[in-house]
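Student: Next come the chains, spelled out residue by residue.
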Amino acid sequence: MNRNTFRVVAGSLLILVSGWLMAADDGREPFDDRYCTTCHGTDGQGNEGVQAPRLAGMEDWYLKRQLENFRAGIRGTHPMDVEGIAMQPMAAKLSDESIADIVEWVGSWPFKPAEVTVEGDAQAGAQLYTTCASCHGRDASGNEALGAPALLGQNDWYLVTQLKNFMAGYRGYHADDTYGQQMRPMAQMLGDEAGIINVVSYINSLAER
Amino acid sequence: MAGFVTRREFLNLLGTTGGTAATLRAGAALGLLPGTAASANLDLLNLAGNSRKVAILGGGISGLTVAYELGKRGYDCEILEASHRCGGRIFTVRHGDLIDEIGNRQYCEFDDEPHMYFNAGAARIPSTHRNLLAYCKELGVELEIFINENKTSLVQDDAMLGGKPIRNIDYTTNMRGFMAELMAKAMTAEEMNSPFSESEAETLLGMIRDFGDLSEDDVYRGSFRAGYAEGGFLKHGVQNDMIAFRDLLQTRLGRQLMGANEGDTGPILLQPKGGMDKIIEGFLRQVGDRVKYRAMVAGVQVRDNGVEISYDQDGVRHTMQADYCFNCIPTHLMVGIDHNFPSDYVRAMKYVRRGEAYKAAFQARTRFWEDMDIYGGISWMNNPSRQIWYPTAGIHQQKGVVLGAYDYGGGMYHTKMTQAERIEAHLSDGEKLHPDYRNLVEKPITIAWHRMNHMLGCSARWQRSFGRGWTHEEEELYHRLQQPVNGRHYFIGDQVSMHSAWQESAVMSAQWAMSDLDQRVRAETA
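For the protein sequence lines, the chains are A and B, in the order given.
The C-terminal residue of the first sequence carries number 1135 in our numbering, and the numbering is unbroken.
The C-terminal residue of the second sequence carries number 711 in our numbering, and the numbering is unbroken.
Excised from the complex, chain A in its bound form (with noise of 0.2 Å):
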């Protein structure tokens, strides 16, 4: 073989290793944005050892919001909001489509009532909770046209959490977070973490009636 033969034979080696390469690219391990269950839980059902919330059962509109909200930074993006710091990644990198096919495969989820954690003064928590009921109901189960999801069958230490965040301002912070920011000087309404913990309580024993 002469030299310029060698150039040649090397040549298209050198062009198969590359179309082995990009070969070896395609057949990289595949992936989708389906991964909402490894922290929300079995059926988005929540997962209190991580303090994901429920997503089954949560209404499409309010479920895209959220989402569209996490991945605009306008929620979770806050230094005392640690759950929320941890979700907002997560969506960061979310598309429109990946954020639809999301939504349509949580409505496949069964809707089932979480379970009871958090006990406090129900009868106290009613009070509180007439001015909630203008947006959210009398029975908890949220109204779209408000803009104001259900809270009934949702994890109880989620929304506590969620009202706490509320009341400090680290949640509803951000100015592009409309429903977010009518809901700060809601949650103050609440007066402390006792009033918290009672209106809670009254939404836990909605789910009862």
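No lab work stands behind these hints, which were simulated from the structure alone.
In silico BS3-like links for lysine-lysine, alpha-carbon gap of 27 Å or less:
1) B:LYS336 x B:LYS458
2) B:LYS535 x A:LYS1038
3) B:LYS601 x A:LYS1019
4) B:LYS535 x A:LYS1090
5) B:LYS322 x B:LYS458
6) A:LYS990 x B:LYS601
7) B:LYS628 x A:LYS1019
8) A:LYS1090 x B:LYS601
Keep in mind that this is a model prediction, so the values were computed, not measured.
Go by the hints and put chain B onto chain A.
Tutor: Using the frame of chain A, we list chain B on its own:
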């Protein structure tokens, strides 16, 4: 006979100075009392055709251990693994591999060479981790020595010597010298009243002098142990300048530097040739056909006569009936999976916190550390990236993979950053050790265990107040989680150990659970 101490007298002497614990340990060393028993082969009953179905949830090393051992005894084992790979936190990253961090998916772009790998989780095997090592031997996993401490590697702290990096050996030699000088001075003052005989005191003083390489007058004046400023081979060596005691005290890294060869990193450390996951490959050669991948557990129901598992695979929910279930799913994820566990068991599951450890690595364009006489080992920085590890593998090859950050204590500092912010942080931290670092490394990867899909955490943390030991409550919760539910469901993995983050703990937790099951099976079949 004057000047001689009997073995019994020596023990008494130690007893008066160090308490009973000291006597017991010394006794074992002298061969009077039994030490820890050598690792015994698992004595498990062979079912001999009387097959029983075992569901193993999670293909981590504890799950694989169960599949391997029970499989040998005639159990019909099946492993459900949620992700695309087995091994869990035994994760070696190579060319083309997916790093499945939720929200920050990465593919590794290292060159495709055998030595271009990164052990993103488990990376060291102490020679005393005999159960794990026994499996390496049995499964034909080739091992090599892992270089952990390296005296020619660097130490850097902005607070010390104007931030100039120094050699580990310069720090430790000088620090030992000064410490020895302090001890020697204290020794001579205390000698008269001490409980030691003159000969014992001399032995002790001799050790102190050698420990610090003191001059005859018990003063530290520098040492050739730190190497030569010049010469040393064909000409007399010229001693390196001493570093002032006070300068050394400006960094707190000394705590790590002086203890680098203690505890779990005290014994000789080993690693599998070609990556830690060679151990996983070894297990999979035996039980690989028993694994279902991308099979995510959706429910575990413990019944009187078995365990019912439901899992999702290819968009379909399946059920599996098993006689027994061994579960190495992290407890914090199991909380969110349907189950019917008793409340005290769930309480223990919820108590465990998830670890936050974080690692990052770069491909180095050249093995620049070898030009500095550094072959393997760790350089220390007092900044959030903390460490740079130089690879033991691939000596004198063109390129290598360096660990660019390892936050083993916290990790959320980097975890909360974007990928670009993480990389920039490690580059600017690394520049403090190697000024041209930014140009020497490329193709970064980061592993934030707290966000890895199907794991969401590094090793389990049982202790709320770290460093103050286990509370009584924590011990009770731990023992509850170790016990099976109904003799049918066992949690396994390093999460069910008092020494998490080591493969040995995961293996031993599996062995404990299998031995417990074995007793029940023997009782049944008796």
